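Q: Respectively, the protein sequence lines represent chains X and F.
Here my numbering is used: position 151 in the first sequence is 151, and no number is missing along the way.
Here my numbering is used: position 53 in the second sequence is 53, and no number is missing along the way.
Don't read these hints as lab results, they were simulated from the structure.
Do not rely on the hints blindly, as some may be mistaken.
To be verified - Below, simulated EDC-like cross-link-like pairs (lysine to aspartate or glutamate); rule was C-alpha separation at most 16 Å, straight line:
| no. | chain 1 | residue 1 | chain 2 | residue 2 |
| --- | --- | --- | --- | --- |
| 1 | X | K34 | F | D341 |
| 2 | F | K84 | F | E28 |
| 3 | X | K263 | F | E28 |
To be verified - Estimated spans, in silico, between C-beta atoms of each pair:
| no. | chain 1 | residue 1 | chain 2 | residue 2 | range |
| --- | --- | --- | --- | --- | --- |
| 4 | X | L69 | F | D306 | 34 to 44 Å |
| 5 | F | G226 | X | A23 | 35 to 45 Å |
| 6 | F | Q312 | X | V260 | 45 to 55 Å |
| 7 | F | R13 | X | R30 | 21 to 31 Å |
| 8 | F | E323 | X | G257 | 46 to 56 Å |
This one's a predicted model, so the numbers in the text were calculated from it and none came from an experiment.
Every residue gets a Cβ at the ideal spot worked out from N, C-alpha and C, and that includes glycine.
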Amino acid sequence: MIPIPSLGMSPGTEADEHEALIAVAQDFARGELKPRSGLLDEQDKASIDWCWSAIGELGFDRAVVPEELGGPGIGLSALLGTVEELATGDAGVAMLVLLSNVALSSLPPNVLVRSEPGERWSVALPLPSLMKRPPHDFVAHWPLDTRATDDGFDVNGELSLVIGAAEARGVAFLSTRTPCALALMPSNGELEITPQGDQLGLRSAVAARLSATNLHFDLADLEPAMLHPLYAASLLHFGVAAIARGIQRAALEMAVGYAVSRKQGGLTIVHYGAVREMISNIAVPLEASCSCQWPAEGGRTKLGSPLIRAALAAKIQNTDDAVAATTDAVQIFGGAGYMVESGIEKLMRDAKYCQLMPQANWRARESLTQEVGHPRPE
Amino acid sequence: MSRVESVADSFPRFLARGERRRAEELDELRIRTREFAQQHVVPVALETDAAANADPTYFAWEMVREAGKCGMLSDMVPKPAGGKGGLGASMSLMMEELSAACPGAATIIGAHGLGVLPVLLLGGPSHWDGVLREIVTEAESERPVLFAAALTEPGAGTDMENPELVDLAELNSRAERVDGGYRLYGTKRFISNGDVAKWIATVMPVDQSRPSETSIFCLVNADSDGFSVSRVEHKMGQRACHAAELSYDGVFVPDSMVVGREGDGFPATMMVLTVSRAPVGAIGTGIARGAYDRLLHWLRHDGRADGLLATQPVQLALARMRERIHVGRQAYMDAAMLLDDATMAGALNSSSIKLAGMMPRSLRNSAFVRNKFNSPQTAQKVAEVFSSQVGDEAMSKALGMSSLAKALGGDVGMEVTGMALEIAGFESGDLRPELEKLWRDAKLVQIFEGTNQLNRLEVFSTVCMGETMSITPRVGEVAA
């Protein structure tokens, strides 16, 4: 059990570097992820391991780790752009990259320096309690029980379907009970990770059940990090929003490609108003928005309600758009779209899971309302 | 599962119209179907889905056998042929109940009904004691007799279901007139029950440039020479029911297995879709109800849901789900009752049909009567009954309402399952895979039986504009 102190955020990536990074991610998505999307959806271990190894060679697995700690040290906007591009190839792999980077950004330096390139990390966020603040106590069941003791707190319980946790080196468990982030690793006997592959979407980010029994944390060992879990939570929400946008882009490309080639009634179906309407339903949210950017001010990001609100809103809007877009995309394909072979129904399943990650959109709306109604200090 | 609501509770119209007795008859069917679903469908739904995901050819024959024993397969068979003589309302109620348990299982029965419909509508008494009675007699056998309807082709999906598009369609199939019958060539795709049915009701044109005027509907026995199953698809959902690609390489079909006349094929297709869309709307509504019932049970009884039921967002969502289910139900029952009571009643209760029904079976099966029933004159007579008792105008109205019910039901299914999944989330134990399955299953309802977009264009034409489509058999033409 390693306590996690607050960590300074990486400086921004220059514009040229950002563009080059996005181009690399785009090439990788098109050339390596897209052709493997069927196998990745089947949770083929060899394919997942190969992709992760290639991700590691590109440095995406630990992209936000500062240079002084041995990482590429890219900015958070660049990370968001990267996962959006990767999601156009396979949203599950994009999610693995996001989770690892969010977790690594939470680890203390002495843990980070010991982590190896190629390791995967996942994140567990007790978001109902993370966002819960008086006077609106949102009553929600959080299955991982954290009970205060005289000198710290105990953690017991199970978390189901933690996306990307199977074969993870560890899980960054973010808590606000005492604001801190904990790196829980099975190798230390702190955590039992049991793969649970029966997930609907993001299937290459194989989920697992986490079990903790009587883990004890001493307050004296923990550095207060009131703001840090909020950074990580916000980054995770922005990242899911970026992945959802990548899924929408993939859906648009596939739907248009099909609509200009499939004929009915002697005409390509793009000629029919009903199909054009669906294409515009997919395209409008993409054209009206832009890729997710990490909000920064003079090189420093201020924590507080504006950041959290922006993250929640982006995640809610983009994931709802992605589900609507992919549902229409499958519809454009007709009967063929319902078959696994088409590759389009997978996008719908991936989008649906983005609506539920890291918290379901209806909960995110509740959290957003709280932030709007009771802004927290910056 | 929640307590079985009475039909009168679900459909207030029955009380308003003083049709308590009819409501009670339908109640009996609903209760029987729900008991069957609870006993034989729910326990195997997830495992069947998983098995068919691993191997798309996996088929739950045991469940279908039980369905046969409970009369699910023969509900639509006319009473003179040993069935219950049910049509829109009873089929729709069955579909809602079965879909709440497993939409794939419902579609097996629904697709079977789809294959029976052409025989029912245009076949006349000639098939009562043949293929239709076989459904009844084989219901409890090792392999119950299933039907399928083969409409869609690789190059023609929506085309096959629209009078304005069918003559422009790129059809690969054709029927060639030969001595004593037809030879069939071509491929049909995404055919529900296609690889497990004994009888495949197939529509093919004699003249590919004029399918609307020259198509035939015929019954192909799956054992026929030249008939084969090319593939069984790996589907997103509703995996219990197969979607197969069928290949016809000179398959011979005798005249006695042609339903109606040459040229009745496309009108029969439209009539089949008119009758079947309300039950498909019921599938969507049933999926929604299945998700709602499961979610409400979890919210009430599972510790993981502690406190959620007390929150207004969840309360509002449940109310919205219930509202959508109610609206979906009214739409499909409106359409089903319009069909049963107004549109089809005249045709199915015509004096000639009644007379044939009153004949002893031994007389119906005599060579003289069978030849009479199989003659072109009888096929012509059936077309005339439809023209005089039903007509394009009434059929178009019925098509509009059933298309409305189907499109609405499809959207209700997607909306409610999506909401239910969001509320349940990842920490919902055994509920999550059940809701995920229903969500995957729901999508197909927006696509098959005509995409929702096609359905709504037909609503526009027939309901908004009051147009009459040409969808009943033409009279005054020389029978084949």
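Q: Indicate, hint by hint, whether the structure satisfies it.
A: Verification of the hints:
1. A threshold of 16 Å between alpha carbons decides the hint, and for K34(X) with D341(F) the separation of about 53 Å lies outside it, so the pair is violated.
2. The suggested pairing of K84(F) with E28(F) holds, with an alpha-carbon distance near 13 Å, which does not exceed 16 Å.
3. For the given pair, K263(X) sits about 47 Å from E28(F) by alpha-carbon distance, which is inconsistent with the 16 Å threshold.
4. The hinted range of 34 to 44 Å is satisfied by L69(X) and D306(F), whose Cβ atoms lie roughly 42 Å apart.
5. The hinted window of 35 to 45 Å between G226(F) and A23(X) is violated, with their beta carbons roughly 55 Å apart.
6. With their beta carbons about 46 Å apart, Q312(F) and V260(X) fall inside the hinted range of 45 to 55 Å.
7. The hinted window of 21 to 31 Å between R13(F) and R30(X) is violated, with their beta carbons roughly 56 Å apart.
8. Our hint of 46 to 56 Å for E323(F) and G257(X) is violated, since their Cβ atoms are close to 38 Å apart.
Violated hints, in rising order: 1, 3, 5, 7, 8; the structure is consistent with all others.
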